[in-house]
Each structure stands twice: as structure tokens, then as C-alpha cells.
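*Asks:* Residue strings, one per chain:
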Amino acid sequence: MSVENFVELSATAIAASVRAGEISPADVIRASFARAKDIGAGADELNIILYADEKASIEEAEEMQARVNSAADLGILAGVPVAIKDNIASLGLPTTCASRILKGYVSPFEATVVSKLRANGAMIVAKTNMDEFAMGSSTENSAYGPTRNPLDVRCVAGGSSGGSAAAVAAGITPIALGSETGGSVRQPAAFCGVVGLKPTYGRVSRYGLVAFASSLDQVGVVGRSVDDAALGLEAIAGFDKMDSTSSDAKVPIYRLAALGKPAPVAENPDTEAMRIGRSPVPLPPPPSPTTLAGVVIGKPIEYFPDTLDQSTRELCERALDRFRSMGATIRDVSLPRSPLAIPVYYILAPAEASSNLARFDGVRYGLRVDPGKGLKAMYEATRSEGFGPEVTRRILLGTYVLSAGYYDAYYRKAQAVRTLISEDFRSVFASGVHAIFTPTTPTPAFPIGAISDPYEMYLNDIFTVTANLAGVPAISVPIGRVRHLPVGGQIITAHFDEYTMFRVAYALEAGLGREAHQ
Amino acid sequence: MAVTREDVLHIAELARLGIDAARADELTKELSAILAHMEVLSQIDTGSVSTTIDVGADGTPLRPDVGVSPLMKGTLESFAPAMRDGFFIVPRLATHEDSNESGA
Numbered sequence: 320m321s322v323e324n325f326v327e328l329s330a331t332a333i334a335a336s337v338r339a340g341e342i343s344p345a346d347v348i349r350a351s352f353a354r355a356k357d358i359g360a361g362a363d364e365l366n367i368i369l370y371a372d373e374k375a376s377i378e379e380a381e382e383m384q385a386r387v388n389s390a391a392d393l394g395i396l397a398g399v400p401v402a403i404k405d406n407i408a409s410l411g412l413p414t415t416c417a418s419r420i421l422k423g424y425v426s427p428f429e430a431t432v433v434s435k436l437r438a439n440g441a442m443i444v445a446k447t448n449m450d451e452f453a454m455g456s457s458t459e460n461s462a463y464g465p466t467r468n469p470l471d472v473r474c475v476a477g478g479s480s481g482g483s484a485a486a487v488a489a490g491i492t493p494i495a496l497g498s499e500t501g502g503s504v505r506q507p508a509a510f511c512g513v514v515g516l517k518p519t520y521g522r523v524s525r526y527g528l529v530a531f532a533s534s535l536d537q538v539g540v541v542g543r544s545v546d547d548a549a550l551g552l553e554a555i556a557g558f559d560k561m562d563s564t565s566s567d568a569k570v571p572i573y574r575l576a577a578l579g580k581p582a583p584v585a586e587n588p589d590t591e592a593m594r595i596g597r598s599p600v601p602l603p604p605p606p607s608p609t610t611l612a613g614v615v616i617g618k619p620i621e622y623f624p625d626t627l628d629q630s631t632r633e634l635c636e637r638a639l640d641r642f643r644s645m646g647a648t649i650r651d652v653s654l655p656r657s658p659l660a661i662p663v664y665y666i667l668a669p670a671e672a673s674s675n676l677a678r679f680d681g682v683r684y685g686l687r688v689d690p691g692k693g694l695k696a697m698y699e700a701t702r703s704e705g706f707g708p709e710v711t712r713r714i715l716l717g718t719y720v721l722s723a724g725y726y727d728a729y730y731r732k733a734q735a736v737r738t739l740i741s742e743d744f745r746s747v748f749a750s751g752v753h754a755i756f757t758p759t760t761p762t763p764a765f766p767i768g769a770i771s772d773p774y775e776m777y778l779n780d781i782f783t784v785t786a787n788l789a790g791v792p793a794i795s796v797p798i799g800r801v802r803h804l805p806v807g808g809q810i811i812t813a814h815f816d817e818y819t820m821f822r823v824a825y826a827l828e829a830g831l832g833r834e835a836h837q
Numbered sequence: 006m007a008v009t010r011e012d013v014l015h016i017a018e019l020a021r022l023g024i025d026a027a028r029a030d031e032l033t034k035e036l037s038a039i040l041a042h043m044e045v046l047s048q049i050d051t052g053s054v055s056t057t058i059d060v061g062a063d064g065t066p067l068r069p070d071v072g073v074s075p076l077m078k079g080t081l082e083s084f085a086p087a088m089r090d091g092f093f094i095v096p097r098l099a100t101h102e103d104s105n106e107s108g109a
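Taken in order, these protein sequences are the chains called G and H.
Under the working numbering, think of the first position of the first sequence as 320, with each following residue one higher.
Under the working numbering, think of the first position of the second sequence as 6, with each following residue one higher.
Only true hints are included.
Cβ-to-Cβ under 8 Å is the rule here; a few derived chain G residues that face chain H:
| id | residue |
| --- | --- |
| 1 | M561 |
| 2 | M697 |
| 3 | R712 |
| 4 | Y719 |
| 5 | S722 |
| 6 | K732 |
| 7 | V736 |
| 8 | L739 |
When the alpha-carbon atoms are kept at most 27 Å apart in a straight line, the in silico DSS-like pairs for lysine-lysine are as follows:
| id | chain 1 | residue 1 | chain 2 | residue 2 |
| --- | --- | --- | --- | --- |
| 9 | G | K580 | G | K618 |
| 10 | H | K78 | G | K374 |
| 11 | G | K422 | H | K78 |
| 12 | G | K560 | H | K78 |
| 13 | G | K356 | G | K374 |
| 14 | G | K356 | G | K422 |
| 15 | G | K422 | G | K692 |
| 16 | G | K374 | G | K422 |
| 17 | G | K422 | G | K695 |
No wet-lab data here; the hints were simulated from the structure.
Backbone N, C-alpha and C define an ideal beta-carbon position, used for all residues, glycine too.
Just chain H, with the same shape it has in the complex (with noise of 0.2 Å):
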């Protein structure tokens, strides 16, 4: 199934990846090329076979249903690009932003 350049950019779009024209066009005959060697797989009766939920010998093992805390030893401030009062700092929204205007 080969891979149109529209194709491209609506899936880099849907990625948040910026892709200039010509990289378009090389991803295009990239993808193409890989996903050619996947049709293979069609040709392979799994009707009757499940998905593969699990790697594990017997399965995922279960446990208490409760959140456990990240071992921190460092804080937020540390490597987060901006931050202010405990909270991450963003650009504007699309829809709030002014197209002159920076955000944050």
C-alpha cells in the first residue's frame, strides 16, 4: 500500500513533527518502501488467532490497584523549560493567541 505525500503530512500533523516539502517528499518513498515489505503479513490466515496481550510466561502479574509515588530526588524546577509557581508554562493556544504574540 504505498504512502501518498498527503499521507505524510496528515500523519505528521497528527505526530506534532514539522516536515519541510522536501523531507515530505523523501518520507513518502521511505515509508512506502518499508510498508511494502510489510504486505507480506496479509497473506497469513489469523482469524482464528488472538492478539498478543502479554510477553510474560503467565501473563501480566497483577497487583494493588494504587498509584505509587516517583522516587524524586530532584525537583520539577530542575529541567522543566518553564516553569512558574509549580506549574508548567506553555505558549498560547491557537485559539486564544494573538498571531504578533509570543504566549507565555
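Here chain G stands alone, though its shape is the one from the complex (with noise of 0.2 Å):
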């Protein structure tokens, strides 16, 4: 194997090539960084990329090299170049959550999945454009410009992780973590025509992860395939003493689900082996008639409303009978109070970005703008210069309804009802529903600049916020193309439910083959 054809090779190709001594990692690096010159990465066309050294990944693809030839553990992405959202902090590159507030400021510490990521043997090779703060669907409210989709440079690659789900349907490497709130990855994913997840709230660490709204943020991997997706999430996945909110729940081998069998014991000699990619993860079958027996999938009809793209229903019913053609049951199921998720997220969500970006004021880290009029008009005007038009927007909006006399209408109001939403899921699980599909997004991707009215750009987070605000773990899976733009299909789970995930995944993934992208 060779990098010739870089931009087809899987993460499992290339830690499988590097552990065999066929590619080096600075050849991996370099034809990286290649791929992002040749597509156009910078902020003069595609604007994927913030922040990236290709001096220092070369060096850090020479360390790597030295843990090839001394024969140490190398990881299960030993030499995989890895895209990282801007507001995920790593040591080396800018962490500014693509906001004028934070231009410049390097981290002094490093987020848990990034060495996480590291001691698995990747390599770090860019940090990417997202919405400031991770503030928006598409990208566009970057302090930076927005960055276009590769697929049609005139629409917007999704947000907030627009850079990382663009990154990887660039070919520019074939996995990258992005961070949820609302379907931060799911959503620009779908629109990339890639593959995105977010986990159940507490599998991954959220230290270093900068805080938007604490108890929603989740980091989440894009990959190229649904095994990407997984080899990234295995990466980063399990307890973490720096996240208060981090479960110590056990992390199976999530390849593995594409065989369509229970997870092993994580600690099983011959698992390990597999895990630490000692000896490979057996190929799944090709789809059958059993592949998904047993499972029963879950429609839920409010996300199948009569205002859906038609192309869009027609593509998600393909993907039901391919369900079906594998031996799952598909059974209609109801999640009445989906319908109040946007109004829930858009009062909980800025109201613990208010509180959380309290911290940028000036004093300890970032921009500092003082008007020489004394330290309240320092705060005031740090911030004014520092944040753009929608962290402004939804701070008041946070701190609108959190002031007194409209904290019990709004605020708890939401708080209340998120328990409500939370329990639908819980009972369509517990009814015997193992997987619930819908669509990732309403539509597909829309043109740059197209959706000036705020609420309307939060509509598009109609189908994702939901999981967020339960809790729950969801992928999105490419299933198909309208009018050349690619359409995603979401598979949500029960609470450390990954594995089942991933097992629908995959064989959604083989069910459709090429279809996926047509």
C-alpha cells in the first residue's frame, strides 16, 4: 500500500499500513497536507483549516516513527493524521473557538481526547472552522469566514463543526472530532455526506472541550465510514478523573458490532489484542437476510412530518427497507414532545452559555480592549469587540431568561419539559424498540447566506437536538443524494447503547453500498 491514493485510505488502512512498516508517518503527513493544498483548504477557498504546522506534524510523524522501529504499542491509529474543531484545546496550535475573543491564545493544556487521541498513535494535523462558540448550523458565524461545503462550494458545509465534517469529506484526513450541543456533528456531517456521531452524555471527557452548555457538550468523531467513526470513538472513549461528568461505564470494541454479535469482554486477552490492534478485527459478512435479526427499529412519526422534503422521505423509506431486507422489524413508535426540543435548547443552551462565557472578559486569557474608562468598561468593551452578532444574541437571550421574573417561565419551564422529552425515549426503549431512525437534518445543504432569520437557522437542528437534550447516542449516516447534495439518515440508541448503534450503522452502511452516495 503506498499514499499514492491517500485520499481513499481508511483509518484502518493507514494504522494497519504504518504498524507493517509500509508507510511512514511524515508520508502520511505530507500527503495531508498535499490533499489540503490541492482542494483548497485555506481561508481563500474552502476555509476548512484555522491552524495547522506541517514542520511540527512532520516532527511529530518522526517520533512516531521511532515507536515504529523500537516495535512499541502504537495505538489503533498509529500515523493517523486527525482534524480537530478549534474549540478542543491542544498544545502547539491556536484553540480560539474561531472567535475574535480568543485570537491567538494557545492552550496551556491539552483536552483529554486529544491525548487520548496521541497515545493511540494519531497525529494532530489541523484545527478547524466551526461557528464561534460552536454557536450555529453552517458555519457561517466564524470569526473567520464561513467554510464551504467540498461537494458544492456554493452551500454551507453545517455547523458548528462545519471545518471537521469538511475536512474529512475533503479528504484531508478520515477522521476528525468535532463537539455537539444540538447536532453539531450530526448535522454538517449529513450535509458533507460523511459520517458523524455524538456518544451518550459521559462516555467522552469533556475536559479541555471549551464549555458552551455543559450539560449538553459532547465531543464526537467524523469519519469517512461508519468504521472510522468507530476506530475514532474507541480512540477517545471511557472515564476521565478531570470530567466530573465522565461515566466509568466500559467501553466495548465498537468495530466489532459490525459483525452483528454482543460485545465481547473488554477483558479478554484476545479482545484487548484486537482493541490495542495487536490482531485485526475480523471483516464483517457482507449483508444478509439475518444481519439485523432480531432488531427492532423504531419510525417515530414526528420526524416524519407532512412539511418533509419529499426527496428526503423517499431516501429515508429506502434506507427502512433495507432495514427490513436484513431481518429487522420496523415498527411505528411516538416521541410526542419532539416537537418542543428547539424551544428547549434555545432557552437551556444559551442559558448556560451566559454563565459559561462569563470567563471571557478580558482578565485572564484573550482579547483585552480597555477604553482607559476603568474595569467595567473593559468588560464591556472586551466583549462587545470580541464576540460576534450571535454569541451576542444568545448571552442576552441566557441571561434574558435567567433574570429574575422570567427564570420559572423559561428556564425551569425547559428544565421541566427536557424531562419530559427525555422520558419518550426512555419508554420507545423500553417498550423493545433497540434503534430509533429518522433524518439527520429536513433538508439538504442550502446555499451560503441563504437563512438570515435567526430562529429559522435553528430549525435546522429539529431532528438532532432531541438526543442532545436526552442524553442519548446518535449517528449520522450518509443514505443518499438530492439534486447532487448528500442526505443523512440518524440512528439514535439508548444510553451507552453505542454498540447497537454502530451494529445498525454497519449494516446500513453495507445495505446501501455505493447508493449511500448517489
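Put the two chains together into one complex; each comes in its own frame, and the hints tell you how they fit.
*Replies:* See below:
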């Protein structure tokens, strides 16, 4: 294997070739940077990458080569280049949340997910563009300009992790990290024709993820395939003492979900050998009428409204037919409080953001604008100049719903309805449904500048935000195209059941084959 | 519930955001329009519903109540806007300042 066809190489293929000594980590890095240059990933063109340092990445690759030469455990992502959303703290490259208020800020510590990636052999090659502080659904809210969709440069890449989804879609890296608060990995993944997931709340450490709405935030993974996304999640999942909401639930080998069997015991030596890449994971058999035997997939009526784009509906029906052909049972279900999710989310997330973003005040880090009129004037000047329009809007909205006289009517009410939304999911899963299938987004990617009304933009999250409110895992998988633009199908499972989520996702990907991108 | 211009200016002060007159007018319209969509929640009976306090499967895990030091590999001076002798420097508080003085 060589890096000549780098764009087509999966993360698993790169890791296997690096381990076997067929390609060097430095070759991989050079191929990734060459692809970024060829595709125009910089600010003047697609605007996917905010920060990258090829010289430092080559040095990192040489350290990786030393690990190869010493026959050390290289990890499941040996030599795999990974792009990181710009709100995840990394040593060496800036972490600015695509905001003027953090321009030039280089974190003095590293996010746990980045440390885990490095420990698993990955090489961090870029920080990717995003909506400022992850507030947006199109990456148009970046202080550094919008990311363009590699599949149609007239359209948005989605958001807020638009740069990460575009980096994978453009073939710069096979895996990228994004972050989710209301769908910010799944929605751009759907728009860019790649796979994107959010894990169960608590499955992945939030330490080093710049906080937007702490009860909703999770680091997510973008992959070119379900397999790459599974590999990426496996690398970053698990307990972390640095995150008080981190879970100590065991992390299975997600890639084995492709075989359609129960999760293996994590402590088994054979399992462990596969987990760290010492022995290969068996290839899954081709899809058959028994691939999803015994699996019940729920089709929630609220996610297929009469107003749903007809072409998107048809692609979802085709996906459901494939599930049936692989032995799954499709059952109509109801998540009756889901239509309330957007109002709930846009009360709770801004409320938490108004508190979390209070730390950006010109005192400890980032921008300081001092008009020379005292401390309060410095706070106001710094924050007004540092934050963009959407962040300002959400801070004010959050301050309003938390302020005296409005707290009960908005914040407390939204927290109660959030409980009802969570109960809807628990009820469906308790009734014997293993996974829920929905469209990821109401429409494919829209043209840059097409949506100016804030609430209309918020409605892009209508099918994704419920999983964040309920804390359950969800994944978006390509299911076809409408007018050459990708459409994603979403699979949601119960808390900590990412294994079933991957099982269904692998089956859908294999069942659709090339049709997933047609 | 419509937001007034005075509301916007008040919450902007609470949030330490400087808002000029034109932007205050825009935000009054924008926030009112957004909050109008939230009114649907008032129709939901939540009298017997508890508010969400955790989003995990079994609640938020507990851990020993001890501090954990951040894993700092850089110094505060490397990113603070202004520091001296290990302290962040800020402009003077309004109650102590001379209006002609720039503080710090």
C-alpha cells in the first residue's frame, strides 16, 4: 500500500500500513498536507482549516516513526492524521473557538480526547473552522468566514463542526473530532456526505472542550465511514477523572459491532489484542437477510412530518426497506414531546452559555480592549468587540431567561419539558425498540447566506437536538443524494448502547453500498 | 412576551456587553421574535414533572470531593493580557478611579 491514493485510505488501512512498515508516518503527513493544499482548504478557498503547522506535524511523525522502529505498542490509530475542531484544547496549535476574543490563544493544557488520540498513535494535523463558540448550524458564524461545502462550494458545510466534516469529506483526514451541543457533528456530517456521531453524555471526557452548554456538550467523531467513526470513538471514550460528568462504563470494541454479535468481554486477552491493534478485527460478512435479525427499529412519526422534503422522505424509506431486507422489524413509534425540543434547547443552551462565557472578560486570557474608563468599561469593550452577533444574541437570550421574573417561565419550564423529552426516549426503548431511525436534517445543505432569520437557522437542529437533551447516542450515516447534495439518516439508541448504534449503522452502510452516495 | 428596549439594555449591562443604540433596537426585535416561539412551552402541564438534573443513564457519577489540579504545561504569563508578580492586572474599579486615569 502507498499514500498515492491517500484520499481513499481509511483510518484502519493507514494504521495497518504504518504498523506493517509499508508507509511511514511522515509520508502520511505529507500526503494530508498535499491534499489540503490541492483542495484549497485554506482561508481563501474552502476555509476548512484555521491552524496547521506542517513542520511540527512532520516532527510529530518522526517521533511516531521512532515508536514504529522500537516495536512499541502503536495504538489503534497508528500514524492516522486527525483534524480537531478549534474549541478543543491542543498543545502547539491555537485554540480560538473561531472567535476574535480568543485570537492567538494557545492552550497551556491539552484536552483529554487529544491526549487519548496521541496515546493511540494519531497525529494532530489541523484545527478546523467552526461557528464561533459552536453557536450555529452553518459555520457562517465563524469570525474567520464560512467554511464551504467541498461537494458544492456554493453551499454551507453545516455547523457548528463544519470544518471537521469538510476536512473528512475533502479527504484531508479520515477522522476528525467535532463537538455536539444540539447536532453540531451529525448535521454537518449529513451535509458533507460523511459519518458523524455524538456519544452518550458522559461517555467521552469534556475536559479541554471549551464549554458552551455543559449539560449538553459532548465531543463527537466525524469519519469517512462507519468503521472509521467507530475506531475514532473507541480511541477517545472512557472515564476521565478530570471531568466530573465522565462515566466509568466499560468501552466495548465498537468495530466488532459490524459482525452483528453481542459486545465481547473487554478484559478478554483476545479482545484486548484486537483493541490495541495487535490482531486484526475480523471483516464483517456481506449483508444478508439475517444481518439485523431480531433488531427492532422505531420510526417516530414526529420526525416524518407532512412538511418533510419529499426526496429526503424517499431516501429514508429506502433505508428502512434495507433494514427490513436485513431482517429488522420496523415499528411506528411516537416521541410526542420532540416538537418542543427547539424551544427547550434555545432556552437551556443560551442560559448555560451566558454563564460559561462570562469567563471571557479580558482579564485572564484572550483579547483585552481597554478604553481607559475603568474595569466595567474594559469588560464591556472587550466582550462587545470580541464576540460576534450570534454569540452576543445568545448571551443576551440566556441572561434574559435566567433573570429575575423570567426564570420560572422560561428556564425552569424548559428544564421540566426536557425531562418529558427524555422520558419519551426511555419509554420507546423500554418497549423493546433497539434503535430509532430518522432523517438527520429536514433538508440538504443550503446556499451560503440563504438563511438570515435566527430562528429559521435554529430549526436546522430539529431532528438532532432531542438526542442531546436526552443524553442518548446518535449517528448520522449517508443515505443518498438529493440534487447532488448528500442526505443523512440518523440512528439513535439508548444510553451507553453505542454498540447497537454501530451495529445498525454498519448494516445500513453495507446495505446501501454505493447508493449511499448517489 | 415581547422584550422591550429597556430589557435589552438591562440584560446587556448584566452580561457586561456594550450595545449601541442601533444594535439595541435590532436585538429588541430579534429577541422578541425568538421568545415568541418559546411561548408554546407555557401550554405544557409540568406541574408534577421534576426538572432535569442529570442526563446520564443512572445519574451523574459521584467522585471524591477533592480538588484536581489542571495539567498545565504553560505559564499564565504566556496567555494573560497583563500580569505582574503572579497576579492578573486589571483596570481600577469605578469606585476607585479617576475618570481621566486609564487604570492599571
